[in-house]
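Protein chains in written order, with the working numbering: chain A, 23 to 547; chain B, 34 to 320; chain C, 364 to 765.
Simulated from the structure, these hints should not be mistaken for lab results.
Watch out, some of these pointers could steer you wrong.
Straight-line distance between alpha carbons at most 25 Å, and here's what the computed SDA-like set of lysine to any residue pairs gives [what the hints assert, rightly or not]:
#1 C:Lys491 to C:Ile593
#2 B:Lys172 to C:Met715
#3 B:Lys172 to C:Met725
#4 C:Lys720 to B:Leu249
#5 C:Lys491 to B:Val103
#6 C:Lys720 to B:Val83
#7 A:Lys42 to B:Val83
#8 A:Lys363 to C:Lys439
#9 A:Lys515 to C:Lys439
#10 A:Lys445 to C:Leu435
#11 A:Lys42 to B:Arg97
#12 A:Lys215 to C:Met725
#13 A:Lys363 to C:Met715
Please read these numbers as outputs of a predicted model, since none were measured by experiment.
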Amino acid sequence: MSSITATQDQHDDHHPTGLKRWLTTTNHKDIGTLYLVFSLIMFLFGGSMALVIRAELFQPGLQLVDPGFFNQMTTMHALIMVFGAIMPAFVGLANWMVPLMVGAPDMALPRLNNWSFWILPMAFTLLGMTLLFPGGAPAAGWTMYPPLVLQTGDAFPFLIFAVHLMGISSVLGAINIIVTIMNMRAPGMGLLKMPLFVWTWLITAYLLILVMPVLAGAVTMLLTDKYFGTSFFLAAGGGDPVMFQHIFWFFGHPEVYIMILPAFGVVSQIIPTFSRKPLFGYDSMVYATASIAFLSFIVWAHHMFTVGMPLAGQLFFMFSTMLIAVPTGVKVFNWVATMWKGAMTFETPMLFALAFVFLFTIGGFSGLMLAIAPADMQYHDTYFVVAHFHYVLVPGAAFAIMAAVYYWLPKWTGHMYNEKLGKLHFWLSAISVNVTFFPQHFVGLAGMPRRIPDYATQFADFNAISSVGAFVFGFSQLLFTYIIWSCARGGQKATDQVWEGADGLEWTVPSPAPHHTFDTPPVIK
Amino acid sequence: MAQSQGYYVPHGSNWPIVGAIGLFLLMLGLSTAFNGVGVGPAVAWIGAIVVIVMIVGWFATVIRESEGGVYNQQVDRSFRMGMTWFIISEVMFFAAFFGALFYARQMAVPWLGGESNNFFTNLLLYPGYENAWPTNGPKAIGGEYQVMAALGLPAINTAILLTSGVTITIAHHALKDNNRKVLSWGLFATFFLGFLFVGLQAYEYIHAYQEMNLKLSTGIYGSTFFMLTGFHGLHVTLGATMLVVIWARCLKGHFTPTHHFGFEAVAWYWHFVDVVWLGLYIFVYWL
Amino acid sequence: MSNSKLGRLAGMTTAMFLLTAISPLAHAAWEVNMPRGVTAISQEVYGLHMLIFIICCVIAFVVFGAMFYSILRHRKSLGAQPASFSHSTKAEILWTIVPCLILIGMAVPAADTLIRMEDTRGSDLSIKATGYQWKWGYEYIDEGFGFFSSLHPDHNVARQLGSGIDPASVDNYLREVDNPLVVPVGAKVRLLLTASDVIHAWWVPDFGGKKDAIPGFVNEFWFKPEETGIFRGQCAELCGRDHGFMPIVVKVVTQDEYEAWRTEQMASVSVQPAVITSETPAMAMEVSSDPAAAPAAVPEWSLETAMASGESLYNANCGACHQINGKGMPPTFPAIAGSPVATGDVEAHIEMAMNGKPGTAMAGFGPQLSDAQLAAIVTYQRNAFGNETGELVSPDQIAAHR
Ligand code: HEA
Ligand code: HEA
Ligand code: CUA
Ligand SMILES: [Cu+2]
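Same shape as in the complex, but just chain A:
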């Protein structure tokens, strides 16, 4: 890495202000903030839809919504949470932190960075406006399986093009992150010296580039099947509806790791800090991440054990899926070993990180159960699956994001957040998330299918508990929103290092981090 200094074409006093600043900014911190705020808003919208679902499922019998609308809620909830909340939140974290962590003056391609962000609100406007259409929003599930999805009314092309835009945004964002990491590291920052958050994001970005275009291809074929008479997913013409599922899950499975690898990174930053002990097994963490990413490309059909694949295919996908437990286990063991003989304290970020390790692992175990093909014949498309993926996504990915926000908020705003409220938020969330999703294992095993607005009476009790939990969890997130807002407004001044055990370049710059950092690159020994 040649020695570098950053140059700017204008000086700081020429900053645009107000709306224009946010529309035209090329600053990684501004763009990071935009991403984070956007994802929080989307989380609240997507969560509100989950609350509609949970409200209808509170009791058997249809009380509140039409079944068609219920399906729209399920579909939109998932699309918004996946593409609007979790992914952009991680991209926001990457924008803020990767340049700070590798000692770069900004992202490598700052203008492109702005574009990547602003495409997102456009995509979700397109998708969201379908809710107001007379025929309603897409209702075929976030997996968009044909032929059902082809029955979508006016919302159909909006769905397809919104997905295209999300894909463009993600790919451009991922390119930017890779280039930043590969080309902008400060002198002395070797690849195996990078913080794990940077590593996990590097690998995530590769995944994004390799799979988002495949999703774009898949939905393009849906479009032509509907409007141009192609037969990709039509058996009469020599195609196969199941072909879509293969292509979708070739994207979809890596996609779920896209939502968890950066979370692994966050947790790998936080646990050493609050254990006051270096991360255990740094190298094996890196290799494990890479193995997970590699394996994620050869397991996709574990979502399709019931479609009637030939036996050999089922066996292959069962074995390869089970293998993922090994590198993931390495990560879990390394985290525990990091805590072992540390000197732990339990500030809010650490609490969320610990809950992550605990609850993600539970979600991982149910994943492993799902991987057992013969048993999946029973589990598939039941609430057991819903419980599995919410465990890895909510107390998994979403908790990691919350941990990261608490961890870095003082660096972003220059103030400490309210620790008391932070802890309250944690306990409310951690308890209610289990009340929400744990009972779903039971109803799933007892035979309740997913994606249904009404159910047989034997599932009533657990559904009622789950719905209560969901409302408590949901409203706890308003507290989270308040904590962030008030921390941005003021509070106790944060020191530069913020946390006693914190280590890394981001803690060497002032709090709040100035608009431009590392104009002259730091030298890492």
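Once you have looked at the hints, place chains B and C with the ligands on chain A.
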């Protein structure tokens, strides 16, 4: 040319938000057009124009900065990496359609013909249908059609694209040797061949539609054929247009023997389009 | 927050967590686990499920044990001094290899069961099951009769939005059909699954699994029930608006009972095997099994008789989308009341009913219903909901349209 020491970080730009709005209008227009709303196409056109304006404006800024010497080698490297990964993402886009082709040929069609665990599929639903390629399926969607031969036009097109790969390499060497005349002729030849290819491809499409009854709606064969060649054709058009821009820049005296990322990016893109065609020629036309 | 307080809180949470997990076990009525089922396969699957579950619990105990131990002991507030080690090759190799071995231990029995599950040879009875939006069509292909099976009419009333009927007052709410599938105990039943519109999935938990019904393909699924009884399940793949209302009920009866039932079924079928008929109880008319061969079978075709049978047929077949009141749910499902099609050219109306509209949820009912049935429905649509065409459509008109 004087090169800046620091990494160039632009301060604010209007182009990205213009581009985002352009894309929004384009997609909104297309969506409403598919729903049969009258203003749809107009909105889509406006969006497309905004996007084009954005691209022109954005690139003009970058070119100005580049020629003004604000970029150092590290910025150059960023551009190179960026372009590389962009091309890889394009490769994956094509991979989806190639995947569909392979799946149809190796799985779906044999299954419809009763292979593997699909004995009853064939027996109950399509008695008498046999696994063969090309096919428009057991229900012969789209009716009788003729198969596109590999020899003839497609072979000529292959030769054209391969030649264009040579001419752009000649141009590149000329640029490195600072031989501007060969450079501009090499480029001219390349995009000329590119547009010629597109023209012949269009001719082939017309022929297929009018005389062979081979259409996008001709079962899975027509679907994969037109989807793959169609997206490829779009990419050739785009690549050739970029070549024209590079050519114009060369005529204006841009690029130096050591500093010509814009040229190389387009050359890489061109080679990518070339390689995709080879894959197409082998799997769509030939085998 | 002080640490002792924190510890108490943590303790409390754990207790609550365990309580939610365990308390249901106290109430037998709360089902918390996979059913063992009534086939050899379903019991094997149950065994596998429990095996993996217990292995996971043991691993969890070890991992979380170590984690909570250090959380409780290695905390700064207790004066812990951080160690500085950051790797141990031995430990890392160990915890890569051991999970691999555990996984092999799981993979072997799993593969074994899977191979047995996929062995479709030697079946005693083959039934073709076709998924429709939103009902199942069953066809006993060797015997030559068949019927449709949809959500029981009483349940269909109770499940309407704001019906005011308490689901608890309806036995087996949402898990009851008009015509259950009937199979003999101990027979290896082969289901040949396909679908006419979108993907559905056939699932009865007690038979140990599910399989997708995919339009244009036929999947095989088999079960060999070892006990008599009534077994319930439902469609398990999102198939549109009424996906949740597509139950499956299988009656497993003794061989003798089955024979009796079979004879009865075959008697109600005239000629022409291998075609589905609709035996909806609500149906007033005798119908032939072969849609094309029906017209002569229906005596006295009048507006009154057609309207009467048309109403129940309409409610059973079209009501899910166009609604019982004919108002539909525009714009996805157009109203029949005042519909230009249902009040306009009769041929276009017949065409719509028989062949549907490709690319929409409107399926063609020609292959599903007989001439008389279709004639009754179309007549009903043209004269109900304020559509006063006064036209009587005859089965011959339908036949002519085939
Ligand atoms: C962040 C997202 C995320 C993550 C990380 C995972 C992780 C895993 N998932 Fe999950 N999954 C989803 C999101 C995710 N999943 C979603 C969204 C769906 C549903 C999509 C839809 O249909 O809508 C789904 C569905 C899904 C299915 C399909 C179920 C079905 O529809 O029938 C399967 C089947 O194999 C599966 C398996 C796994 C496995 C094996 C892992 C593994 O990676 C887990 C590995 C972790 C562990 C095992 C725990 C830690 C390990 C140890 C402590 C080591 C020791 C352990 C052993 C040796 C056992 N998942
Ligand atoms: C990516 C992440 C993600 C996240 C974070 C969540 C979060 C939640 N999910 Fe979801 N979910 C999915 C991904 C996710 N989900 C996916 C992929 C599916 C499958 C879809 C399919 O089948 O196609 C699914 C499906 C799904 C179902 C099954 C639906 C069905 O099968 O029909 C249910 C049911 O309980 C559910 C519940 C919840 C709940 C209660 C939360 C809670 O954690 C949400 C908590 C948050 C809030 C409640 C927000 C708080 C807001 C307010 C209090 C109001 C303020 C509002 C404004 C200011 C606008 N989700
Ligand atoms: Cu049929 Cu769901
Ligand atoms: Cu997966």
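Against the structure, the hints:
With a C-alpha separation of about 20 Å, the suggested pairing of Lys491 (chain C) with Ile593 (chain C) holds against the 25 Å cut-off. Our distance criterion of 25 Å between C-alpha atoms is met by Lys172 (chain B) and Met715 (chain C), whose separation comes to about 21 Å. A C-alpha spacing of about 20 Å is found between Lys172 (chain B) and Met725 (chain C), which places the hinted pair at or below 25 Å, so the restraint holds. Taking the CA atoms of Lys720 (chain C) and Leu249 (chain B), the gap is near 21 Å; set against the 25 Å cutoff, the hint holds.
Taking the CA atoms of Lys491 (chain C) and Val103 (chain B), the gap is near 72 Å; set against the 25 Å cutoff, the hint is violated. Taken as a hint, the Lys720 (chain C) and Val83 (chain B) pair is broken in the structure, with Cα atoms around 38 Å apart against an allowance of 25 Å. With a C-alpha separation of about 19 Å, the suggested pairing of Lys42 (chain A) with Val83 (chain B) holds against the 25 Å cut-off. For the hint pairing Lys363 (chain A) with Lys439 (chain C), the CA-to-CA distance comes to about 10 Å; that is within 25 Å, so the pair holds.
Distance restraint check for Lys515 (chain A) and Lys439 (chain C): the Cα-Cα separation of roughly 24 Å lies within the 25 Å cut-off, and the hinted pair is therefore satisfied. Restraint check for Lys445 (chain A) and Leu435 (chain C): satisfied, since their Cα atoms lie roughly 18 Å apart, inside the 25 Å limit. As the CA atoms of Lys42 (chain A) and Arg97 (chain B) are separated by approximately 24 Å, the hinted pair is consistent with the 25 Å bound. About 61 Å separates the Cα atoms of Lys215 (chain A) and Met725 (chain C), which puts this hinted pair outside 25 Å; it is violated.
At roughly 74 Å between alpha-carbon atoms, Lys363 (chain A) and Met715 (chain C) are farther apart than 25 Å, so this suggested pair is violated.
Violated hints, listed in ascending order, are 5, 6, 12 and 13; each of the other numbered hints is respected by the structure.
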